[in-house]
Amino acid sequence: MRVICTVNGVERSADDVWEGESLLYVLRERMGLPGSKNACEQGECGSCTVYLDGVAVCACLVAAGQAAGRDVVTVEGLADGEELHPVQRAFLDAGAVQCGFCTPGLVVAVHDLLEREAAPSDPEIREALAGNLCRCTGYEKILDAVRLAAARAREETP
Amino acid sequence: MEFLSPPTWADALAAKAARPDAVPLAGGTDVMVELNFRRRAPAALLDLTRVPELRAWREEDGLLRIGAGVSYARIMAELGGRLPGLARAARTVGSPQIRNRGTLGGNLGSASPAGDGHPPLLATGALVELASTRGVRRVPVAEFFTGPKQSVLSDDELIAAVLVPPAPGPQQFAKIGTRNAMVIAVASFALELRPEGSVGTGIGSAGPTPLRAPEAEAFAAAELPWASRGRLDPAVAERFGELVAAAASPIDDVRGTAAYRRRTLGVLARRTLTWAWSELCA
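Top to bottom, those sequences are chains W and X.
For the first sequence, my numbering begins at 1 and goes up steadily by one.
For the second sequence, my numbering begins at 1001 and goes up steadily by one.
One chain only, chain W, in its complex shape (with noise of 0.2 Å):
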């Protein structure tokens, strides 16, 4: 079948997809953008975050025809053209990046923390990633990563 959505402010289109196939195959393998990981494909790792029509989900759980005609952004479509997302950009200042496989889960869950708590306490922090999950970095400085890019958005919006 043949699936249209919005990707990353884009209309896009995909042929000849498989009725079971999920939206992170058709991201990833049909579409060029390979940013959300496939990992688990069961919903437990977060490595394929993306938003549909504005909700963090994972794009594994997510039919392809689910996402016809809706508005989907991946970990590519953060960034501003060069300009990294401030929240990359702490992900590399704060050293929470080790083999980069979660990241861009990460980056996209913590891009929704932010979005809905400015200024998150751990327990939210710990909460908001409990879904994502890291094997190299042992979560120390990623909890540092968000707390930055926390606190450069405060200070950039007084």
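No wet-lab data here; the hints were simulated from the structure.
Quantities reported herein were computed from a predicted structural model and do not represent experimental measurements.
Keep in mind that a hint or two might mislead.
[What the hints assert, rightly or not] Across the chosen pairs, the derived CB separations fall in these ranges:
id	chain 1	residue 1	chain 2	residue 2	range
1	W	42	X	1078	21 to 31 Å
2	X	1197	W	99	55 to 65 Å
3	W	135	X	1018	43 to 53 Å
4	W	29	X	1246	50 to 60 Å
5	W	147	X	1221	47 to 57 Å
6	X	1263	W	9	50 to 60 Å
7	W	100	X	1254	23 to 33 Å
8	W	154	X	1080	25 to 35 Å
9	W	82	X	1018	50 to 60 Å
10	W	82	X	1253	43 to 53 Å
11	W	13	X	1214	55 to 65 Å
12	X	1254	W	89	38 to 48 Å
[To be verified] Covered by chain W, per the in silico footprint, the following chain X stretches (three or more residues, Cβ under 8 Å):
id	segment
13	1001 to 1012
14	1177 to 1186
For every residue, glycine included, the Cβ atom is placed at its ideal position computed from N, Cα and C.
Given the coordinates of chain W, assemble chain X onto it according to the supplied hints.
What follows is chain X alone, placed relative to chain W:
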């Protein structure tokens, strides 16, 4: 495989009548996993995310009618005041991404004994509304489950909504797992205290279906100091826990042993009763 995407409830019921083998799909948190791992190859998928009625909730004849497609995140955000037990259970589901997508209707449709939504629905005496082109029926949730991942849902029926009485008093939910997030319950327990002197219970993940604990309910109704609102006798709380544990019918599996589940349930029941009673008397 066919992908059916009805835009209205009437179309959805017609599609299910025409294709009883179509697998209903909402948040995808169960169905998509089976598809991703090629564990299931249904002849058709019936996407219910475009049916507006399923995503709405409203008051109806003194009950809260929650569309089957309302997400856990929305139950937490929009219904926590009137259904604190269900909202507490919703908060323990998966992760933010899963709660944004998973639905109560999907929980019921999967009918896992471990479904987090089930114990609070049992404790509150909720009804499940099932619909087909033949008509609509409302089934008490205690009669909905017939076995592990089995329910009274017919091949041509869809789950329309659950109907839940607004909390008449304190409601609690507690769940045991290996961590706070992303956990399928090893055991869970929901409790409702009704100030006029009765108690509702729901046990999860400790039997072939979610279960009530009728003897524990009758014991608590008889023994709690409803009139005086006096302090909860620890012996009463302990006995309540024993009766809840006795009502369960757990097995050993990958997530825990039957003995651990029984032990856990006794503790959860005692704790939730203690919390709820102090809330009632506050």
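Quick rundown of the hints versus the structure:
1. 42/W x 1078/X: 21 to 31 Å: The hinted range 21 to 31 Å holds for residue 42/W and residue 1078/X, with Cβ atoms some 28 Å apart.
2. 1197/X x 99/W: 55 to 65 Å: holds (59 Å)
3. 135/W x 1018/X: 43 to 53 Å: This hint holds: roughly 47 Å between Cβ atoms.
4. 29/W x 1246/X: 50 to 60 Å: Roughly 53 Å apart at Cβ, these two residues keep to the hinted range, so it holds.
5. 147/W x 1221/X: 47 to 57 Å: holds (50 Å)
6. 1263/X x 9/W: 50 to 60 Å: holds (54 Å)
7. 100/W x 1254/X: 23 to 33 Å: holds (32 Å)
8. 154/W x 1080/X: 25 to 35 Å: holds (28 Å)
9. 82/W x 1018/X: 50 to 60 Å: holds (52 Å)
10. 82/W x 1253/X: 43 to 53 Å: holds (52 Å)
11. 13/W x 1214/X: 55 to 65 Å: This hint holds: roughly 57 Å between Cβ atoms.
12. 1254/X x 89/W: 38 to 48 Å: holds (42 Å)
13. 1001 to 1012: It holds: at least three residues are needed, and the segment 1001 to 1012 of chain X offers 4 whose Cβ sits within less than 8 Å of chain W.
14. 1177 to 1186: holds (count 3)
Of the numbered hints listed earlier, not one is contradicted by the structure.
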